[in-house]
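**Q** Whenever a hint applies, use it, and build me the whole structure from the sequences.
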Amino acid sequence: MIARPISCLYFSNLFFMQTILASIRALPQYQQLLNDVQSKQVQPGLGLPRSARLPILAALHKDMNAPILLITDRADHALSLFDELGFWVESARYHFAEPNPLFYEQAAWGMATRRERLQALIALSEYHLPFAQKPEIPPILVASARSLMIRTLPRRDFLKACKKLAVGQTTQPDTLSRSWVEIGYQRANTVLEPGQFSIRGGIMDLWTPAETLPVRLDFFGDEIETIRRFDPASQRTVEKLESILVTPAREYLATGEREMELSEFHIPLLHKQPASLLDYLPQNTVVLIDDLSIVESMAAEVEEQAVRFRKESIEEDVLSEDFPLPYIPWSELHEGLHGKAVVELGYGGEQRPETEELESSLALCFGHDDRFGGRLKPFVEYLGSIVESGEQVVVVSRQSPRLHEMWLEHINNGQQTVDNVIVEFVEASLSEGFILKSQVLYHLITDSEVFGWERPQPRTRQRKVAETPESIYADLQA
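Take the sequence shown: its letter number 255 is residue 255 in the working numbering, and every next letter is one higher.
Don't read these hints as lab results, they were simulated from the structure.
No false leads were slipped in.
Straight-line Cα separation of at most 30 angstroms, BS3-like style, residue types lysine-lysine; simulated pairs: (1) Lys160 - Lys240; (2) Lys164 - Lys240; (3) Lys272 - Lys163; (4) Lys40 - Lys340; (5) Lys163 - Lys134; (6) Lys377 - Lys437; (7) Lys40 - Lys62; (8) Lys160 - Lys134; (9) Lys163 - Lys240; (10) Lys134 - Lys340.
Computed Cβ-Cβ distance ranges for the label pairs, DEER-style: (11) His368 - Lys240: 51 to 57 angstroms; (12) Ala112 - Ala22: 34 to 40 angstroms; (13) Gly452 - Pro130: 49 to 55 angstroms; (14) Arg371 - Gln41: 33 to 39 angstroms; (15) Asn284 - Lys160: 19 to 25 angstroms; (16) Gly452 - Glu261: 48 to 54 angstroms; (17) Met260 - Asp231: 34 to 40 angstroms; (18) Ile314 - Gln32: 51 to 57 angstroms; (19) Asp36 - Phe15: 27 to 33 angstroms; (20) Gln32 - Thr237: 51 to 57 angstroms; (21) Thr237 - Pro282: 30 to 36 angstroms; (22) Pro282 - Arg375: 47 to 53 angstroms; (23) Asp36 - Ser293: 16 to 22 angstroms; (24) Asn100 - Glu261: 15 to 21 angstroms.
Note that the structure is a prediction, hence the values are computed from the model and not measured.
The beta carbon of each residue, even a glycine, is placed where N, CA and C say it ideally should be.
**A** Printed below as a string of structure tokens:
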């Protein structure tokens, strides 16, 4: 009787993720990296293949138990990394989005951009607020070079604007209303999206940027009697709360009445002290840079464009000559990383390591599989050959059910002679696979190797505005 390999089809990557991360964490080269990061030793770039960078990030996040900031060159790369990171980690992750307007361009940011950036700032501010609950699992943030350069609300001002409201607390609704306007909330008849609040008698509704649903505060006189999270569409209570954290709804504060309408363009005018996301990072944050030389080149290009646009705007009398810089130069940002654990995932701008260092490097623990360009029969035969060698295989593909079926047909021919070898098929999408050279060779095969497909580029998801029940009758006239 011929012993046949076992095959499994998964619709969740949890089991696989834990298995391969455990194999990575057991590598002596990874343990050396971990020791260097813990001691904050300056080290040359790791030279990792791109497919291995997010698994290494996930492993460091698990072992360091600290926030991680991943810096890449462009906005589209940041969004792709953020999206693919969801395969490797279960913890909260934040995309520090890059606004569309150019530096010195008088235009407001989009609502989705505002919210994504604020969610990142709020997650980090919880480490600095004495009355906020610290995250049980540290967050992971992904930012492009330009999004990091953009000036934001100074941390001190942001923290001072954060307020905790609790059941039984005494405060006047009118006072709350004025303070919410100052920190960026807009008054509306009905709260339908983040950044809005409403007042109806002794009831105040508020939707903060970090929450998925708005909250309702019921007052008895000046005392907060109840706090409830509710569904804005049905207006039904979802959960009762004891307290909430009210944070700024934009990255600038505007006190008092002003004649002109303000936007993020005015951040450097309203807040003289330059500030960036780096100012919000806890001291134990690990900073990973995708490719330092490419990030530096992109930052230099962004600065050159900003200088040209500033000059043109001044010549056209659109911008005053004394207008402050709306960004922080990359050179200053890079200096701000001193004292933190910084890891270059690529080679950076430095020379490649010597032969002895290369032989013991973490990068050499990862290899590449063959590519088949959609030729499925040779691919299935290749699976059979590596299974017979006792090597572990995981296929991550959008076509996993189809590939799994072809593999079952292949092994039912009775040609395989290796027992107790699991070929795992995971229905998901990754940009590229790798071979992990641990105690047992581990093959991660993706659509890139099987079909030559590129991973679909993620799109910024537009949040749907909630509709109240009475909106159905809005067009009816008496």
